[in-house]
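Asks: Listed below are the residues making up each chain.
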Amino acid sequence: MAANSNSPAQKENQARFAAVNRIEAGFFPFAMISPAVILILLVVGFPLLYSLYVSFTPYELLKPNSLNFTTARALRNYQKLLNDEIFWRSLLNTIIFLAVTVNLSYVISLALSQLLARVTVGQSVLRTLLMVPMMFAPILVGMQFRWFFNANLGLVNNFLISVGLIQEQGQIAWLVDVPLGMITIIIASIWMNIPVMTIILLAGTLSLPSETFEAAEVDGASGWQKFRFITFPLLAPFSYIALTIMSLDIARAFDIVRIMTDGGPARRTEMLWTYITRLAIEDTKFGLGSAMSWITVFLSVLFTLYFFRQLVKARIVQ
Amino acid sequence: MNTRSVGPNRWRNEIIWNAVAWAVLLLLALPAFWIIMTAFRPNVEINTYPPVWIPKRLTLEAYANMFGLNPDVQQRVAVESYLRNSLLASGISTFIAVSLGTLAGYAFARFRFRFHTTFFLGIMLSRAVPGVALSLPLFLLFNRVGLTNNVLGLAFVYVAVNIPFTAWLMDGFFRQIPKELTESAYIDGCGHWSAFWRIELPLSLPGLATAAIFAFLAAWNEFQIVSVLARNNAAKTFPPGLFAFTEQFTVDWRGMAAMSVIMMVPAVIFVILVQRNLVSGLTFGAVKG
Numbered sequence: 001m002a003a004n005s006n007s008p009a010q011k012e013n014q015a016r017f018a019a020v021n022r023i024e025a026g027f028f029p030f031a032m033i034s035p036a037v038i039l040i041l042l043v044v045g046f047p048l049l050y051s052l053y054v055s056f057t058p059y060e061l062l063k064p065n066s067l068n069f070t071t072a073r074a075l076r077n078y079q080k081l082l083n084d085e086i087f088w089r090s091l092l093n094t095i096i097f098l099a100v101t102v103n104l105s106y107v108i109s110l111a112l113s114q115l116l117a118r119v120t121v122g123q124s125v126l127r128t129l130l131m132v133p134m135m136f137a138p139i140l141v142g143m144q145f146r147w148f149f150n151a152n153l154g155l156v157n158n159f160l161i162s163v164g165l166i167q168e169q170g171q172i173a174w175l176v177d178v179p180l181g182m183i184t185i186i187i188a189s190i191w192m193n194i195p196v197m198t199i200i201l202l203a204g205t206l207s208l209p210s211e212t213f214e215a216a217e218v219d220g221a222s223g224w225q226k227f228r229f230i231t232f233p234l235l236a237p238f239s240y241i242a243l244t245i246m247s248l249d250i251a252r253a254f255d256i257v258r259i260m261t262d263g264g265p266a267r268r269t270e271m272l273w274t275y276i277t278r279l280a281i282e283d284t285k286f287g288l289g290s291a292m293s294w295i296t297v298f299l300s301v302l303f304t305l306y307f308f309r310q311l312v313k314a315r316i317v318q
Numbered sequence: 001m002n003t004r005s006v007g008p009n010r011w012r013n014e015i016i017w018n019a020v021a022w023a024v025l026l027l028l029a030l031p032a033f034w035i036i037m038t039a040f041r042p043n044v045e046i047n048t049y050p051p052v053w054i055p056k057r058l059t060l061e062a063y064a065n066m067f068g069l070n071p072d073v074q075q076r077v078a079v080e081s082y083l084r085n086s087l088l089a090s091g092i093s094t095f096i097a098v099s100l101g102t103l104a105g106y107a108f109a110r111f112r113f114r115f116h117t118t119f120f121l122g123i124m125l126s127r128a129v130p131g132v133a134l135s136l137p138l139f140l141l142f143n144r145v146g147l148t149n150n151v152l153g154l155a156f157v158y159v160a161v162n163i164p165f166t167a168w169l170m171d172g173f174f175r176q177i178p179k180e181l182t183e184s185a186y187i188d189g190c191g192h193w194s195a196f197w198r199i200e201l202p203l204s205l206p207g208l209a210t211a212a213i214f215a216f217l218a219a220w221n222e223f224q225i226v227s228v229l230a231r232n233n234a235a236k237t238f239p240p241g242l243f244a245f246t247e248q249f250t251v252d253w254r255g256m257a258a259m260s261v262i263m264m265v266p267a268v269i270f271v272i273l274v275q276r277n278l279v280s281g282l283t284f285g286a287v288k289g
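Top line first, the protein sequences correspond to chains A and B.
As numbered in this note's numbering, residues 1 to 318 make up the first sequence, in order.
As numbered in this note's numbering, residues 1 to 289 make up the second sequence, in order.
Since the hints were made in silico from the structure, they are not lab data.
Please read these numbers as outputs of a predicted model, since none were measured by experiment.
No false leads were mixed into what you were given.
The following label-pair restraints were derived from C-beta to C-beta distances:
(1) B:34 - A:34: 43 to 53 Å
(2) B:73 - A:63: 35 to 45 Å
(3) B:176 - A:85: 49 to 59 Å
(4) A:125 - B:37: 18 to 28 Å
(5) A:262 - B:47: 19 to 29 Å
(6) A:128 - B:262: 12 to 22 Å
(7) B:12 - A:84: 53 to 63 Å
(8) B:26 - A:262: 27 to 37 Å
(9) B:202 - A:89: 50 to 60 Å
(10) A:34 - B:59: 46 to 56 Å
Derived contacts from chain B toward chain A, CB cut-off under 8 Å, selection only:
(11) 29
(12) 34
(13) 35
(14) 51
(15) 101
(16) 104
(17) 106
(18) 107
(19) 127
(20) 131
(21) 133
(22) 138
(23) 159
(24) 160
The beta-carbon is built from N, C-alpha and C at its ideal position, and this holds for glycine as well.
One chain only, chain B, in its complex shape (with noise of 0.2 Å):
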């Protein structure tokens, strides 16, 4: 009987929470949801009042508009070269950001050496300079070797920026690697850069993928830098081309989710393939040390 009597409070209580946070994570989620239908509908349902909550019908007409599919409209957004750029920058970046935070990564996960802590703080402290202070004399710089409007300037600029978080990330996906793997090694004759490649890189490929999406997503959705060394389409990347949609008084919203659902596309692979590398990275060293 005693049992019994916890029971319905049990129960109950569990349904509230469970309700509850329903609700709010469907709220977080909703601006999502109508950015995604917004792509689809036909404009008259966007720029109208009393608005329409549901679509009556879909169409793809945003999509043709901005590939300039659609002989009745001309197109103004240069939505191809802006693709091509983000590519290009992105995945540039990433690969050799990735290549070297991995080997940095490495030495702060294994080694004891002078300055262990101040090169990684300095590493990290460089990540906190914001990047409208970084751009000004980056601008400065670039304009006289003739960098600015040029995609593989922004894609150097970008391996910088991205070592620190895939050093960060990396030395936390290596500490997880057992210690008696390393030893083991050790004790086969491997020196220190056999140890690294043959035994612990392969081990930490997971890792390095999460690593090499998020500094891909940094790259893609950086804004404060490509505004400034970009001034027209040759280097654009999506983030400033976003302002093509943009008029003195008005806006082109539905062109602008449109545009914003094709920027999403690598997220979303993101979230549904690293999620959980991610935050065994981030956490690590908090876990287990």
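Chain A extracted, bound-state conformation (with noise of 0.2 Å):
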């Protein structure tokens, strides 16, 4: 996905997203982001650090008395969840999930992007189309592709019996069978993504200087090659913004598997999220659950960091 950072595209990029210069004031910008990183401590600093006191305690809702902290007991929660089959599957789940979601929709917007940029009939309203999927809660969006995916009643069987793919005795469960649950998560979450890292390479795309183009065109490249060597390499700044919006946003994707699947059926679709919510919410397991979200915080930051480290290097904030 990278754009190879020794190309000669890259370097004249890179000098072009030069930095502004910013001016030195003392005492003045800490004053005027004071406010909010002391918002972010009280309302997301102070609470994940409380729920690492608790991820290390046998803490139940209903057993007031189990919120103590004893050193002997103290990763017993970690190792809890080391040995629990169901941690390992729900975190491959996720991890697969993941893969393929974050792959799918660039790959998708990207296509989609170049596809956009040339048409030349009906722009404005092509873009606002483009935009309908923005227009869903991620909640929604799982509602709805429950519907359309219901064996009975949904979109996709009704349409598949009436262009004759199907018989109607055969409607396909695909909420319920492996790996029919996974592909149609996967589907909505792909639709969820697709506006905002289509937009995003749009305008990159169309940002980018005539003339590269007007050059190539002259040494006789074709389409496939002016994408690969000129386009792709270009849009490498834009490409991480979208990845890098997109891994802040990923745990949306817990709020389309709640609605579509919850997990089930029989956990086969269970991932990092839904597990947390049936052990801490369901079984008031607390200390178990906090245990896991310090795992699901530590994997979103790890992915949020890399994409903004490579958004950094390819646009040279500083």
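Hints given; two lone chains; assemble the complex.
Replies: Here it is as structure tokens:
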């Protein structure tokens, strides 16, 4: 996915994206960021530390006395998770889900952005159509796809029967069968991710200098060559902005899983997020749930940090 | 002659590109049309086989049922309280988050200071924390101080959730303002604050509107935190309210579609008003740095 950072196109890219000169202002900028920083520490930082503490205790909501820390039992929740087969399965499911969703969303959005950049008829109508999925809350996305893939009343099965691809008795249990349950969740997530990614990549494509393409045309470059050696490397900063934004929001996929299958049936689509809810909220095991929360926080932060680093590298922010 | 032989080829390619683009995007938008259509159809057309693709008549029944205007149907969904809570939580949190996020975004855009990148990254990473993970300790802490089932408690959380993205967007918008303007403000004797308040903030109002609508939508659509913090209708917003249409084995698809349409209204306004601004705010750093 990453562009080769030594390519000439990339160097030219970096030169164009040199940083603005910022001014020195002593204490003033700290005063301006402090309300935001304090609030985030209060609402995100402190609760996360508290949850780290809870994760070292055997706390269960219905047993108030269980919220006490002892060194001997501190790591018991984490040990439990490591020996928990369902935890490993939900971790594996989450990794498969993320890998497929992120890569496919990116590839589809990239293709769509190149397609849209060439459209000459009804540009603005098409862009509005592109934003339609943005009008849906993630929970609505899940709800709508749950309905579309419903075995008896769903749009997809009805359509397949209408065109004669499947029999009326042979309705496909989209949300139940392996691996169809996972595939439908991935389709819903990709549908939700497409607009923002495509818009950013399209903006990037339209901002590329046309002289470079004209020069390449004179040299007889094919359409694919132009894309592979000019458009794609020059789009690197835009790609990383799109991927960073997506990684910030990736846990929204929880909403989709929660309403489409809720991890089921029989934990076939269980992911880390749904398993946390099951452990903490349904079984009131807050200690164990907090331990698992911390694992997801760690993964999410790592994921975001990676893309953000790439973004900074690609555009030299400083 | 030479150019003529290229002509038809170009024409053919262009027709193909346009046709493919239109086909793909109509397919992408199809689900939304289906949902909106469902909200205004009679129930018999929805739960029937073979499917009725094109509605034979349109009706507002679903809305009459939802708001309890139909004397034959008992109102099951507390749509008024979802609406009130959604508006309160999103409105209050947007106002505060945009104020604080704008201050931070301005500092990141204009000033050089120690730990600039560290602060920026730290604020961004706070946004990467999954809502599920955050909801557990917030539930325990709010339980102690009596803030669960409370719209104001919810709004307080959404402020922190919305600051990072606002700061990112505003950083992008402030950087689009020509530096010369700020410099001339300083020459005219403005301090840092009055240069910000009197010169740059008014210029960034379109950006501010974009950030505000974006923050509003994020709170409006949030599900993971509210589903843990709001256990009853006193604080439930639309997203957890959607579950009121599901029972163990049946789902009221039309009622759900009808509420979905209400939920989409702010997003539709957003798409119409600010799509262009949003792109430039997100990508500005990449275009001109």
